[in-house]
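K.L.:
As they're listed, the protein sequences go chains H and Z.
In my numbering, each number is its position in the first sequence, counted from 1, plus 395.
In my numbering, each number is its position in the second sequence, counted from 1, plus 51.
It should be emphasised that the hints constitute simulated quantities derived from the structure, not laboratory data.
We treat Cβ as the ideally placed atom computed from N, Cα and C, and that holds for glycine.
Simulated restraints, written as ranges between beta carbons of each label pair:
1) H:Ala506 with Z:Arg160: 23 to 31 Å
2) H:Val407 with Z:Asn147: 27 to 35 Å
3) Z:Phe67 with H:Ser520: 35 to 43 Å
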Amino acid sequence: MSTHAIEAVGLVKRYGEKAALDGVSFEVPRGTVCGLLGPNGAGKTTAVRILTTLAKADEGTATVAGLDVAANAREVRARIGLAAQDATVDQLLTGRENLIMIGELHHLGRAIATARADELLEQFSLTDAGGRLAKTYSGGMRRRLDLAATLVARPEVLFLDEPTTGLDPRARNELWDVLDTLVGEGTTILLTTQYLEEADRLADDIVVVDHGRVIARGDARALKQQVGGAQLFATPSNAADLERVAGMVGTITGCEPGIDAASRLVHASTDGGPHVVARLADALADARIAVDDIGLRQPTLDDVFLTLTGAPVADDESVEVAR
Amino acid sequence: MSVQVPPADARRGSLFGDTWVVAKRGLQHIRRQPEALSDVTLQPIMFVLLFAYVFGGAIDVQGGSYREFLMGGIFAQTIVFGAFGVAISLAYDRSNGAIDRFRSLPLARGSVLAGHAVASLLRALLPIILMSLCGLVVGWRINTGLADAVAAYALMIGFSFAIIWVGVLMGSLLPSPEAVQGVAFTAIFPITFIASTFVPVETLPGVLRTFAEWNPVTTLFGNPSAIQGPDAPWSIQHPVIYSLIWMVGIIGVCAPLAVRAYNRTIAD
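Excised from the complex, chain Z in its bound form (with noise of 0.2 Å):
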């Protein structure tokens, strides 16, 4: 006896239904290929160490070790450079076809891309998993209430995702896996390093100090109450809104224009 399948008019497909089905498929890859995993595995890991133990001791920082003041600095690079993953595996399906068959599919339009951006997010909770353990191992202690931290993880979460949708419009609009990767490293470095995560922002030379004050990762991951004052700018006196906004303006701004872009680009 043959499997009857319904008719192409009483099938019904939702956004929500194609995402999950193209995120499952992601989880799939990143479960078979874990070698690809280091990249949100142990370089975290290394990285708090090197911090902790090499740089930790030659480093005084203000009112605090500079092992607790890294561990923001450690989980903003991280998060940024994991979330550049999801252009690369984008940029590969495409290179191989598999962009070409599920655009031959009655899918949802843009369920491809929020499927990719949904594996990367919950592939990106693992190193922030890691991550805090490792720094509690190193000394890291959450000095705030319980549900001030909760509020943390999910703004760091919520940033997580933002960030995944510049990569899913960078793995939209560049040809391949290798300008993905030299575009990426280009932008990322100076919204990782000109913050205050890594050096307090009075170190810095006026431009760059200023960059470092209205630049997200500040807001998020710098440690405000060092450089908090009544002179500070907005952006540091409301940390929270202001990261808000950017997360909000983030995906805003680029989840439509990457499924314009993949409608696009893809459709030649």
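Extracted from the complex, chain H is given alone in its bound form (with noise of 0.2 Å):
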């Protein structure tokens, strides 16, 4: 048996003239979770509808599982689990309802299924509102449930397309608890994601794809390595003192300073850890400069995409047509 969960070769897909995948290759080790991250209409939910057969590649091929998605399909799906974009938890089923079905479906019995939905309602804090009807539910709830139904027949491979897409701060983060001990269990876990925060808080390895083609893959420092790390930055209160403000940061990160005039921001890459703000924030006191903000700040997918492709990220909708 293959030590991947998740192979593709070569995936290409078109949708009329363009293509949505342009040879597509990338591998998950069993047991690790990946984050396909790049822009809307990068290619990410066409290769999670391959992997998970529900769309066909016009080239290459892929794995799930160990089994050919092409090939022995249903098989497939035996073994995976996918949340798909929107949630599509059945709306005049109760919470309950929906997971037994899905249970029946990946044909547990009857006995099975509802001992198991029973059990994943309560790991997700639905028991409550399992036998009320999931068009009552909340947004973030609605997002708990459809989890909840990807893993009713304990999957081996796990499909998580835009999982926090739409939920607010805190149902996000409870979203990213309850994965983290998925993880935990050993799944193996593909998420695709916009936010190279959070591939960073729940991938071992990231896979960055844009207009079809994996542009660089690596764990999350790797990748903000290869941006140079995180930016420090400072906001003076008066314009006027921005060429000294960016001296500053200039002296203290060694690297050469960005000026924002419109937005007033003066930033800078650094490796050093908080430290340098200290330092930065010392030496305002010192010159007596008045700023209204001044920290360190991570990486954006925007800086990433900025330093691979020399351009910010296109917001190119109409790739995407996948759905």
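Combine both chains into one complex, guided by the hints.
P.N.:
Here it is in structure tokens:
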């Protein structure tokens, strides 16, 4: 048996003239979490749809749980869970009925499906809501139910397409905690996200995609180092001080600072820790320069893209026609 | 103690089992949206009353009352209209992602569509019962023996299931609930009205008369005795066999096409 839970080789998918995927290859070792990171239209959803047998690749091959997704679609489906971008729980069924139905369709048998449903409701803090129709649930509850539904048959590989999109910060943190537990149990997870922070928080390995191609991969630290680490920034209260603040930032970081006059922002890459902020604060106090804001900012997806492609994130919605 | 699930290799599903799970879901949907049942409850009752009391007095039919004559027509209309509800619920499932969820599960091929069809058939029993009761109230009577009556109801239910598969095919081909509605009504009207169900076929001009004589709605729901004669077409002389051929034909053509369309249109 292959040591990889997911193996994609040269996947190509075209919609008309446009290639949503243009030769994507990556693999995910068993028991690890892989983050597929990219902007809207990068091809993330298309990749997930091919790996979960919902779409067929025009070229290339893929195996999931050691099985070819094109040739053994049903066997693959028995071993995976998929949480699509919009929670697809059945609004006219109760939470409990939703989970039992999924269990029955996984052929677990009514008794096991019911026991498993109750167990999952408890695990996702939905026991009290289990008897209510899903249409009465809040967005966060619906997401949790959706995720619970993907876990009914204890899948070997879990696919989560932008699991936290549309969630408020509290619901997002709850979901992250649940995913932590799953990872602890050894489930292999492929998740897509637009946020480096999320990939950083959850994934062992990050695959960055753009315009249907893999443009970088590695763990979060490696990617950030490619970007040049964190950014030290300061916003002087008075625009007249911009040049002097830029001088200080440059001295402290040893990097050429960038100046954004419109937002009075001075910033520069640094691989130093929080102490660079303290040094800048001291220097500013000595020079009696007032600032509105000062701090250390982790690189964002924008920074990664700027570095890797030389262009900011292109919000190319038109390519993502997969849904 | 956590619940153990059998390993993937040890699970066994079947077309019937999966179909029934999907059908149960469909029945829950019906139970929880009783307002969506008006097309198979209130409407047929209103039609019975409308034809019986509004048109009934004005229209004369040879050898019987128009009230008796029209029952078949209203049965036909309700069954054909109602059957297209399945197309709308399928299109709706597709637009809200439910179909994607089903497709990511290891269901037997065809079971999602078959489940919709079975739920739809059970839904179709409701108006058949309601209209029979309503018809009895306004003076419609079953004039034949019990065996014939049972056979007639069996044919009606069979026809309902066949038309449901036309609806399933439509729901698999058309992109949205709105599109289904548009196409369905264009298809339904000639089938239900150009038949011997609301009017005697002798009153129809040439081409329409031929259409009506060979329309399975005529042979199923019409009043064949009224038009039967030595020169009547084969369809009228052998209404039961002719109707059965249609049912088998419709299901035999529509079901495989629907499964293919379902697998293809959604595979992208």
